[in-house]
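Residue numbers (the numbering used here), protein chains in the order written: chain A, 12 to 398; chain B, 12 to 398; chain C, 12 to 398; chain D, 12 to 398.
Check before you lean on any hint, since a few could be wrong.
Pairs count within a copy or across copies, as identical chains cannot be separated in the list.
[As the list claims (entries may be wrong)] Listed below are the simulated DSSO-like cross-link pairs for lysine-lysine, each with C-alpha atoms no more than 27 angstroms apart in a straight line:
no., residue 1, residue 2
1, 319, 305
2, 308, 355
3, 305, 355
4, 319, 355
5, 378, 199
6, 199, 379
7, 199, 151
8, 155, 142
9, 199, 39
10, 199, 142
11, 229, 319
12, 308, 229
13, 305, 229
14, 229, 245
15, 319, 308
16, 39, 245
Hints listed in this document are in silico derivations from the structure and should not be mistaken for laboratory results.
Number of protein chains: 4
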Amino acid sequence: MVLIGSTDLKEGKKRMSQLRFEAISEIKDIHIFGRMGRQRQPLPLLFNGSGIEVVVTGSELWIDLETDSDMHEPWVYYEINGAFMGRQMLLPGEHRLCLFRNMSPDAPKRVRFIRELQAMGDDDRSRILVKGLELDGEFKEAPKYTRRIEFIGDSITSGEGSYGATEDVDWIPMYMSASVNYSTMTAKELNADYHLISQGGWGVYCGWDNDPRHNLPKVYERVCGLSNGPTIEKLGTQEPYDFDSWQPDVIVVNLGTNDITAFSQPPFLNPEDGQLYQQRRNPDGSLNREDELKVEKAIISFLYMLRKHNPRAHIAWCYGMLGCDLNMTITEAMAAYREESGDKNLSFFQLPNTTMETFGSHMHPGKKSHENATTALCNYLRQLMNW
Amino acid sequence: MVLIGSTDLKEGKKRMSQLRFEAISEIKDIHIFGRMGRQRQPLPLLFNGSGIEVVVTGSELWIDLETDSDMHEPWVYYEINGAFMGRQMLLPGEHRLCLFRNMSPDAPKRVRFIRELQAMGDDDRSRILVKGLELDGEFKEAPKYTRRIEFIGDSITSGEGSYGATEDVDWIPMYMSASVNYSTMTAKELNADYHLISQGGWGVYCGWDNDPRHNLPKVYERVCGLSNGPTIEKLGTQEPYDFDSWQPDVIVVNLGTNDITAFSQPPFLNPEDGQLYQQRRNPDGSLNREDELKVEKAIISFLYMLRKHNPRAHIAWCYGMLGCDLNMTITEAMAAYREESGDKNLSFFQLPNTTMETFGSHMHPGKKSHENATTALCNYLRQLMNW
Amino acid sequence: MVLIGSTDLKEGKKRMSQLRFEAISEIKDIHIFGRMGRQRQPLPLLFNGSGIEVVVTGSELWIDLETDSDMHEPWVYYEINGAFMGRQMLLPGEHRLCLFRNMSPDAPKRVRFIRELQAMGDDDRSRILVKGLELDGEFKEAPKYTRRIEFIGDSITSGEGSYGATEDVDWIPMYMSASVNYSTMTAKELNADYHLISQGGWGVYCGWDNDPRHNLPKVYERVCGLSNGPTIEKLGTQEPYDFDSWQPDVIVVNLGTNDITAFSQPPFLNPEDGQLYQQRRNPDGSLNREDELKVEKAIISFLYMLRKHNPRAHIAWCYGMLGCDLNMTITEAMAAYREESGDKNLSFFQLPNTTMETFGSHMHPGKKSHENATTALCNYLRQLMNW
Amino acid sequence: MVLIGSTDLKEGKKRMSQLRFEAISEIKDIHIFGRMGRQRQPLPLLFNGSGIEVVVTGSELWIDLETDSDMHEPWVYYEINGAFMGRQMLLPGEHRLCLFRNMSPDAPKRVRFIRELQAMGDDDRSRILVKGLELDGEFKEAPKYTRRIEFIGDSITSGEGSYGATEDVDWIPMYMSASVNYSTMTAKELNADYHLISQGGWGVYCGWDNDPRHNLPKVYERVCGLSNGPTIEKLGTQEPYDFDSWQPDVIVVNLGTNDITAFSQPPFLNPEDGQLYQQRRNPDGSLNREDELKVEKAIISFLYMLRKHNPRAHIAWCYGMLGCDLNMTITEAMAAYREESGDKNLSFFQLPNTTMETFGSHMHPGKKSHENATTALCNYLRQLMNW
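Please model the entire structure based on the sequences and the hints provided.
Structure (structure tokens):
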């Protein structure tokens, strides 16, 4: 703990704050959102939705960060007592962000500070490290969440297009978020802890462009398998994830949107093996059965993987926010898995589709669509889990 | 055609209407909603959603009816230019109902007169027969519908609970409707003709109470297989239906809600064979696989039956307005049918669930729930059918 | 009391109802909505919103009516336990309407039967007389309303255009209602008894067409001053109203819409005095001050009249559902009355305007607009009256 | 113009941005929101809603600022193409904020950068100065607004409580905004330029606490009469405002909420004259007439002042978002002004009240309430102004 003076309150003013620094790893009353690896000091926020939550007294609170990035600068948002306050870009460097100031010192304030940007595999430097907090009050007991949900998804779960004007099409961090995102909203509404593992453009079998390397199962078992590169891997992203450290009650898998898109795209030349990859359609427009079965096989394998690491979790495949053309394929694979494994602790739930009225930017779900999905999903999970 | 005087306009008044009677079978410019058998004069309205539509000039319009019933009196509603006007009970007897009067004679008015009550199998006398119309204007061209949807369902599609206060639990015709019903709303929104074949409490395999006789496939191939008894059958209800007379573009099958309920009910003693019937659950609450497969087998058979009679129709199984616990079962059966038959012209679509805010009476979907289902289904069908 | 057999339940059926007739004036447990004169048997329903409410046990309930009309046939609606059930036209004659049947005999049902059509001054014969009820159960205690609201208005309060398609323009009873009407909705929401006194096209000073005879103050002091003619007056419509019989807590005056319209209409030749009447505008479009003051004088006089007969009522002038161009005029008059009389128990409240999205037929408020007004007015009255 | 290197794109990367600095006063294609005084370099953003708008090509855009404050740090928000992107606190110092980066260089982006915090009279140092923009593209033609609205108001128009949880009660800049504010929303919806002049707690005659110095008329004629103190006044805040430089089409006056509150507060001891000030109520709760007339006199004077400086503007007194208890008082004063001056170019419009469902923090309008007000006000202004 280091005593420092608040930089923005000058001598002679009504109140002289004595801020003290608390290293993030030393704070006991803290809730951390998102998957963690071994490194806790400074604490990497690896995924969108990763972040911290504290309840503090005192008149002000600061967060000390170190961030880096190349093309894909991270964004963050923060909220006080559950209400959205700020959202901003963080360019490379050291940051001291004031999360609140001049508040009634005695009242406890619940503060969340959350990463907006998904794990960026193609930007080795893109990262947020939380070093600690500065405050002039005390930590109170952090919220305890008895419910846990893991969300696994694609651009929808990465909140792509959740910010931005309808006509905006740039693929940039600014338009992605955890703040306007059905997963965050659902967890808040259900008072649940949650993890997000998602990547725009990826599928359960392949990416939207037929790239067979872009599938979530491939990275699921590592801490943050999505983030690779010499720099980022020093944070332990490619180490095996310790599933025992956090067992979800429900796993929401929102995958399939890119797998179905691949059926309408040109072949992909995989630089790793020099092969062409393409999901094909029959002349009548229906899915080529052989290729459809590749998706199903990937689903079945992924279900086995999820079950292996999460023996008690209910697995709910929740799909449909950008069309539901893969319903028959997903459910056929789920049925095959269920029959083969005898595992009945899974279900299929269709999320409400995005319409012209509910699009955000670049044809992705906007705020209203995320709200609709949240309403439906909360209703479903409350009944399913007896929550 | 018989000239008669309007009974409610007395001599010496500004305008003396000369109403003429037109037998229903003689009217060429008419659209008839709902399945028809051979009898056209008087025209039986056999299902909820069955009815007539005309566009007429003139200052007034009457409809001449003959109705009967024992316990389950039919209800009807009518609308002018697409707007709801009236809804009432029809007790046994002859009726002359005025559908409008004192309107601007030259303006064409589009009028729908529709049965609210589902086909009532347990009330041999329950019926509405349309004898004809009385008017002082001319028939204009009736609407032509280029889109056709067949809805097959249970109490949801029979509009049970779509009227009535939340706490009402009586099972009576008053609370059922075609007017507050996702099927009617969807057809209107899509400007489509539609047929309704539905029965409260029935399933695709068995009824909510495990009664194996209460399944829609059993009655699908007859004109109105739901209506039996010596009196009603004189209308031809048990004759084979002429599927060539009306081929739908889409068949919406909204079944499963009673099939899943049966898994939580006591056994049913079938008086026809003296056997006990019960869909069982495993000790862990999951569905007994043997019994689940009975439902699946029924689904598969029904899909074959639907395809046989409707070779070009897209079959959309649309389920979920009262929970979606049978999703895995329905889709497994659909996958099996698809694999076995090679028929790919079918899909599964989940309808939005009914919540505490959207219930009508006796825990059935209320108006808001039917509206939500309509929005989702229209969005789906527009994309699916390129409508 | 006369024992009669239910006409629609035949011998040999499970249950043989013994219906008994109760004259309306003999029923003690009844609530009557709307102004009443001396005649109680049969009971005339003089205004839209006039009607009866009872709570009964038994399996069925009928209402016996006598109705008449020339051009303007009355419509009625009925509800069970607060939920809308039916709405229909009543042509001249005797009627026995079944309000419910085959319901659980022991459960009490709350039933409202209400007139939809406003008092029709230009149809001497237009009337509904309630003779009595037939039932096989018992009357339970009728609802007691401790709050009372009187609504005084024009076509908006007569529910003109609350039914009908947007493009419909006929001026006929079918399109008017008390069922889709902010006044009924407000009273229901606040659990209040209410009276409606309204007439389409009328104002506080003159009618929309400058007819100086069409003002509500002129008829306010008689039982139903709106209804004149040799036949209808036999019901006592032109007798002085006994204000002591029903003192409202709040008087909602929703007048002004026709008064402002008159400023844009051609002169009216009053056949009674041969004079031309016209409310004028200045060349710049503003209201001619002299004519504006005529409206203000009428408002002031009306306020004195209301206060005279309702010494304790709060008078809330609630205006704006079809534009608020008369705000400055109404409030100037109210200020003058307040200053002159010292009476401070009055207020001005602007109701939400009707927009393209919320119009009903012939450019009048539709259901959504009445709902918006209800929400605003209930919020206002709850705060104002501490309800 | 100075060429500088972007700090966050390193050598060897795909694209090397050459950012150039443009002083704010040198940019011709710019739209400035909010009142301005003489100082244009750096440009002070004096009010909430003050800010700049440009349309630029290029891949990135930065804004260079200098800010200061003591207790009340300014907040800002920014949007791209009309969509909200970021919102943050600005502590004292020099700032380079990146507004976007890595966007398609050729596409023009419309960017608004807006002050959230109202003019803070009690924080002499609180200020935002815009020095210039850095970009690698070109300025395109800035939006031209042919409609102009001036909003004059209190805490509602300062967006107090538009951010924050319902239970939050601290009075701090974080909870105030121009981004969630009916005035900004209305101007956007109507595609209008707008000025905001507002102060929380102030009225047309006195503040909520009876402080007679806290009235908007007192400061209206100076550039930013709200901001006083030796430091801030160097920006010219207390100089006479040049009304000719910007003539509004409509002036929306949303005052009265604090004036009515004062009637329920203890007396205020004015340190300037040592007198006690209190607006009184009569024993029956009604307003003391003498004190009510003080408010009316202030309204009348203010209307004269507004008219003097804005000869052609329509003056719409728009009131009611936190109750409408002053309706009779405001309109009486407006009537007196109208009669006395002959000026008819004014109107009274009641805004929708805030309800339990639409409150933001510390019992002020939340987002939904501001949206409701926007819908009503836009509808009103479109009709009134023929927009």
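Structure-based check of each hint:
no.	hint	in the structure
1	319 <-> 305	within (21 angstroms within a copy, 31 angstroms between copies)
2	308 <-> 355	both (18 angstroms within a copy, 20 angstroms between copies)
3	305 <-> 355	both (23 angstroms within a copy, 18 angstroms between copies)
4	319 <-> 355	within (14 angstroms within a copy, 34 angstroms between copies)
5	378 <-> 199	both (15 angstroms within a copy, 19 angstroms between copies)
6	199 <-> 379	both (16 angstroms within a copy, 20 angstroms between copies)
7	199 <-> 151	within (20 angstroms within a copy, 43 angstroms between copies)
8	155 <-> 142	within (23 angstroms within a copy, 47 angstroms between copies)
9	199 <-> 39	within (22 angstroms within a copy, 46 angstroms between copies)
10	199 <-> 142	within (25 angstroms within a copy, 41 angstroms between copies)
11	229 <-> 319	within (15 angstroms within a copy, 44 angstroms between copies)
12	308 <-> 229	within (14 angstroms within a copy, 37 angstroms between copies)
13	305 <-> 229	within (15 angstroms within a copy, 38 angstroms between copies)
14	229 <-> 245	within (20 angstroms within a copy, 62 angstroms between copies)
15	319 <-> 308	within (17 angstroms within a copy, 32 angstroms between copies)
16	39 <-> 245	within (25 angstroms within a copy, 49 angstroms between copies)
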